[in-house]
Structures are given as C-alpha cells and as structure tokens.
Amino acid sequence: MVAVPAEVRPRGFAATERRDAWWVAPLLQGLMLAVFISYATWAALQNANYHWGGYLSPLYSPLITADWIPVPPSLLILLPPVLFRATCYYYRKAYYRSYFLDPPACAVGELRAGRYRGETAFPLVLQNLHRYLFYATFLYLPFLWSDVVHATRFGGSFGIGLGTLVILANTTALTFYSFSCHSARHLVGGGLDCFSRTAASRACHAAWKGASVLNARHMLFAWMSFFTVCSADLYVRLLASGVIHDVRLL
Amino acid sequence: MEAVLKIFRGDATSGAFRDYTVPLDEGMVVLDAVHWVQAHQASDLACRWNCKAGRCGSCSAEVNGKPRLMCMTRMDHFPPGEPITLAPMKAFPVLKDLVCDVSWNYSVNRRIPAFKPAPPEADGTWRMQQVDIDRVQEFRKCIECFLCQDVCHVLRDHDRKDSFAGPRFLVRLAGLEMHPLDVESRGAHLKEEAGIGFCNITKCCTEVCPESIHITDNAIIPLKERVVDEFYDPLRRLWRRLRGSA
Ligand code: SF4
Ligand code: SF4
Ligand code: FES
Ligand code: FES
Chain A
327 MVAVPAEVRP RGFAATERRD AWWVAPLLQG LMLAVFISYA TWAALQNANY HWGGYLSPLY
387 SPLITADWIP VPPSLLILLP PVLFRATCYY YRKAYYRSYF LDPPACAVGE LRAGRYRGET
447 AFPLVLQNLH RYLFYATFLY LPFLWSDVVH ATRFGGSFGI GLGTLVILAN TTALTFYSFS
507 CHSARHLVGG GLDCFSRTAA SRACHAAWKG ASVLNARHML FAWMSFFTVC SADLYVRLLA
567 SGVIHDVRLL
Chain B
290 MEAVLKIFRG DATSGAFRDY TVPLDEGMVV LDAVHWVQAH QASDLACRWN CKAGRCGSCS
350 AEVNGKPRLM CMTRMDHFPP GEPITLAPMK AFPVLKDLVC DVSWNYSVNR RIPAFKPAPP
410 EADGTWRMQQ VDIDRVQEFR KCIECFLCQD VCHVLRDHDR KDSFAGPRFL VRLAGLEMHP
470 LDVESRGAHL KEEAGIGFCN ITKCCTEVCP ESIHITDNAI IPLKERVVDE FYDPLRRLWR
530 RLRGSA
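Heads up: the protein sequence lines correspond to chains A and B, in order. If you read the first sequence in my numbering, its first letter stands for residue 327, the second for the next number, and so on. If you read the second sequence in my numbering, its first letter stands for residue 290, the second for the next number, and so on.
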C-alpha cells in the first residue's frame with residue numbers, strides 16, 4: 327500500500343525525517359553487547375584461572391571437573407544461561423534493533439530482505455520456549471548463592487574480601503534478573519484473569535505484583551547482571567593469575 | 290519570534306513539503322501553528338483535530354519524523370531557528386495533506402471477538418473486585434490515536450496489514466482477555482488473525498503512546514505468554530492431552 331509518494335518521503339534503509347541522533351542508542355547498545363559477549367566467550371574458553379581460594383567465577387558455576395568431556399565444561403554450563411539471555415524479551419529487543427536493524431530505531435526505515443515473518447516462523451518461533459530456559463537457569467541460583475557462602479571461607483574461617491562482595495553483587499544481580507523475567511511474571515500469576523477468587527489466586531496476585539515491580543526494571547537488571555558476571559570472572563581471573571591481590575575487608 | 294513549518298501538501302499520488310512562516314506565541318502547540326497557517330496562508334490545508342487536549346486522538350501526525358499528537362507538542366520543544374517538518378502518518382494512505390485514511394484500523398477492530406460475560410450471579414448481577422480490574426484499566430486509557438500503529442515497523446515498513454492487527458488492537462485484546470468476567474477464548478484469534486507473533490517486541494509503540502500505556506510490557510508480552518500456554522508449551526499440551534481436554 328503506497329501511503330505517500332516515495333520521491334517526497336523516501337522509504338528504505340535509514341530513511342527518516344527524524345533530526346535527532348537516532349543511531350547513537352542502537353550503536354552503543356550493539357557495541358556494549360558485543361564487548362560483553364566477546365569477553366564471556368573468551369573467558370569460558372580459557373578453562374583455567376576460574377578459581378581462587380573460596381572464589382569461583384560465575385562463568386564456571388556450578389563447577390564441573392570432568393576430563394572426559396571433549397569441550398571445556400564451562401561451555402556446557404553456560405549453554406542454558408546463554409540461551410536464556412538469547413531468548414529474553416529484553417535482549418531480543420536489543421539485538422533485533424542493533425544487529426538485525428529490524429528496525430534500527432523507531433520511525434527509521436529498515437533493510438527489507440524477503441517477506442517479514444517476525445517470530446512466526448522457524449527459527450525465531452522458538453523464542454516462544456523462553457520459559458523453559460527460565461526453569462533451567464532457575465536451578466543455577468542455589469549454586470550461585472552457595473558460591474557466595476564459599477566466598478566467605480578463608481582457610482576454614484569466616485571472612486569477607488573484595489571478591490566476596492563482587493560475587494555477592496553478581497549473584498544478587500542474577501537473582502533480580504531471573505525474578506524480573508517476563509515469563510516468570512506470567513507464570514507466578516499473570517496468566518490469571520481473576521485474582522480475588524481463592525486464597526491461592528490471592529497469593530498469586532501478591533507474587534505477580536512483586537514480579538511486576540521487578541519486571542519494570544528488567545532492562546536494568548539485564549545489563550547489570552551481564553556486567554557483574556563479566557566483572558566477577560575478571561576479578562577471580564586476575565587473582566588466580568597473580569596479577570592482583572585480594573583486599574581482605576574482614 | 291517566528292518558526293518555519295515544512296508541511297506536506299498533497300495526496301497519495303503527488304505532493305511536496307511547503308514552507309510556512311508562523312509567528313510564535315507563548316504556550317503555542319504545533320496544532321495552533323497549523324491553525325494559524327489555515328487562517329492566514331492556506332485555507333485549503335487539511336488536518337484532523339477535535340479536542341486540542343490530547344483526548345480525542347484525531348491530530349496524529351509526524352513532527353520532525355516522530356509520531357506525535359500535534360495538540361500536545363509545544364513549539365518551544367524545538368530548537369529555535371530550525372524548520373519543523375510536519376507530515377501525515379506514514380503507515381496509512383494519505384487522503385490530503387495531514388489527513389490519512391485510517392479505516393483499515395476499524396476493520397481490524399470489528400473482527401475482534403466481543404466481550405462475552407460469564408453467567409450472572411444468583412441475584413442476576415455481576416460483581417468485580419478492584420484488584421481484578423486494576424490491570425485492564427491501563428488499557429482503557431487508549432484514545433485511538435493510532436500513533437502506535439503508525440510507528441510499528443510491521444505495519445509501517447513491512448506493510449503486513451494482511452496478517453498483523455498492530456499494537457493498538459493487541460492492547461484492546463489484552464483488555465478483553467484479562468477481564469475478570471470475560472469467558473471468550475481469543476487464543477486462536479491472537480495467534481492466527483491478530484498475528485501476535487509478527488511483533489518482535491522492539492517497543493516503538495510504547496515509546497510513542499501519548500497515554501503512556503506500557504503496550505509491550507503489559508499487553509503484548511503477557512498475551513504472547515498466553516499464546517505460548519495454549520499453542521507452544523509442550524508440557525501444557527501434553528497435560529491437556531492426558532486430561533482429555535485437547
Ligand atoms: S513492540 Fe511489537 S507492536 Fe510494538 S511497535 Fe514493536 S513490533 Fe510493533
Ligand atoms: S495504545 Fe496509545 S498510541 Fe496506541 S492508539 Fe492507544 S493511545 Fe494511541
Ligand atoms: S529473562 Fe528477560 S524476559 Fe525472561
Ligand atoms: S485534537 Fe484531540 S488529541 Fe489532539
């Protein structure tokens with residue numbers, strides 16, 4: 327359907343009447359994602375320096391030490407969390423905009439190759455299974471919290487180092503990220519139409535309200551947790567390779 | 290102080306941006322400037338408006354490339370001295386100047402399965418609790434300006450009006466689906482006719498909504514999850530099979 331003459335209002339890639347620097351946000355977002363993804367991939371492939379004293383890198387948690395596995399175990403450990411993020415409603419928005427340029431920004435023309443199918447056809451229709459990756463990564467949280475406890479053990483006695491705080495911050499950020507998930511918000515009560523009918527549905531309403539408060543900040547938790555995962559790995563890695571020394575606070 | 294408006298003049302077959310110089314007044318909005326042009330320079334300039342208060346949703350247009358209500362966009366929002374571009378919504382066919390044919394939206398609306406209430410209580414009436422209705426009240430704020438439809442790339446760039454109802458109608462569907470008294474099932478409609486899978490949750494609709502409705506987070510994503518419940522979740526499908534309900 328032709329809405330206006332094309333010679334007056336062009337269509338096609340990057341065509342827009344916007345005057346602001348619309349390309350800055352997708353560019354920065356794409357660069358930040360690329361930096362985090364590259365670092366996490368590099369660190370997961372090292373298969374060394376992920377452990378120092380009671381500190382364990384979150385990229386290697388839960389720790390699997392099996393020599394017979396042909397790939398670095400960290401890659402297997404990371405598969406569910408990676409798919410969880412890849413199918414996350416927030417990250418979808420981020421990479422559809424920054425990498426697929428579909429659209430690059432609002433009211434800005436995009437590359438049009440073939441007939442648009444969105445998330446109705448393979449492979450993107452698989453995004454609909456995001457909730458299963460939520461279930462899978464939910465199982466990681468007890469391990470991550472036990473890593474926090476281990477990070478307070480220094481040669482058999484209790485203590486707190488800068489690394490303890492880094493690992494605690496990361497586990498907290500990952501917990502908030504998981505509980506603010508859109509699928510979680512649906513599963514705890516969002517799927518109900520009537521909240522007031524029974525005691526169970528009233529409990530679901532309370533859970534849904536809580537999930538909604540977190541969900542409104544899902545983007546924040548998504549970035550924070552990606553940052554803390556990479557920072558916690560980097561901190562442990564630098565300690566383990568002897569580049570820096572831990573600061574003992576308590 | 291003056292401002293230069295570059296206004297699209299024409300229709301679906303031919304047109305051009307023409308310059309109009311307008312004197313500025315304190316508190317002036319873009320719609321005031323358009324009215325000034327109509328009164329002093331181009332009495333044949335076509336534009337839709339009704340309330341001049343952001344309530345009727347008639348004055349939608351694209352100001353400097355962004356979908357906006359002309360009556361809610363102040364002229365002092367723009368840097369002085371720079372011309373302001375004013376164009377009709379790009380996703381719909383232009384009838385004349387700033388006026389589009391938005392009738393496609395009404396045909397989408399007519400196909401949505403209507404509200405179907407549960408049977409009344411014993412005394413012949415229906416009761417709802419405020420906690421049950423809080424969520425859908427957000428969706429009732431919609432003024433049908435169709436700015437979200439205009440900015441949605443599925444309609445604007447890909448022109449999939451054949452398969453996708455657009456964010457405004459997903460908001461309406463959410464209001465019906467989440468209504469505590471409604472018993473109609475709209476899962477198949479959402480998936481097949483409204484084409485919810487075409488939305489790739491890139492949130493431009495939410496960015497432009499003048500009523501600040503959280504279209505993507507509160508309407509579209511929860512509806513996508515309901516469609517998953519009904520059509521994509523393998524365990525739920527198995528469970529329904531075992532119980533003999535599918
Ligand atoms: S979030 Fe979905 S409905 Fe809204 S503008 Fe983007 S693609 Fe369209
Ligand atoms: S949802 Fe918002 S942008 Fe869309 S038609 Fe309603 S008021 Fe306008
Ligand atoms: S983790 Fe982002 S929506 Fe589920
Ligand atoms: S004139 Fe009614 S919304 Fe602008």
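Wrong hints could be hidden among the right ones.
Said to hold, decoys possible - Pair by pair, the computed Cβ-Cβ distance ranges are: (1) A:Pro398 <-> B:Arg429: 34 to 40 Å; (2) B:Asp333 <-> A:Leu455: 38 to 44 Å; (3) B:Arg429 <-> A:Pro468: 39 to 45 Å; (4) A:Phe448 <-> B:Ser534: 26 to 32 Å; (5) B:Ala331 <-> A:Tyr425: 41 to 47 Å; (6) A:Trp394 <-> B:Ser534: 44 to 50 Å; (7) A:Pro388 <-> B:Ala403: 49 to 55 Å; (8) B:Val420 <-> A:Trp394: 52 to 58 Å; (9) A:Phe448 <-> B:Gly343: 51 to 57 Å; (10) A:Leu354 <-> B:Gly533: 38 to 44 Å.
It should be emphasised that the hints constitute simulated quantities derived from the structure, not laboratory data. Here a beta-carbon is modelled for each residue, glycine too, at the ideal position from N, C-alpha and C.
Okay, the hints, checked on the actual structure:
{"no.": "1", "hint": "A:Pro398 <-> B:Arg429: 34 to 40 Å", "result": "violated, 53 Å"}
{"no.": "2", "hint": "B:Asp333 <-> A:Leu455: 38 to 44 Å", "result": "violated, 56 Å"}
{"no.": "3", "hint": "B:Arg429 <-> A:Pro468: 39 to 45 Å", "result": "holds, 42 Å"}
{"no.": "4", "hint": "A:Phe448 <-> B:Ser534: 26 to 32 Å", "result": "holds, 28 Å"}
{"no.": "5", "hint": "B:Ala331 <-> A:Tyr425: 41 to 47 Å", "result": "holds, 44 Å"}
{"no.": "6", "hint": "A:Trp394 <-> B:Ser534: 44 to 50 Å", "result": "holds, 45 Å"}
{"no.": "7", "hint": "A:Pro388 <-> B:Ala403: 49 to 55 Å", "result": "holds, 52 Å"}
{"no.": "8", "hint": "B:Val420 <-> A:Trp394: 52 to 58 Å", "result": "holds, 55 Å"}
{"no.": "9", "hint": "A:Phe448 <-> B:Gly343: 51 to 57 Å", "result": "violated, 43 Å"}
{"no.": "10", "hint": "A:Leu354 <-> B:Gly533: 38 to 44 Å", "result": "violated, 53 Å"}
The structure does not agree with the numbered hints 1, 2, 9 and 10 stated previously, though it agrees with the rest.
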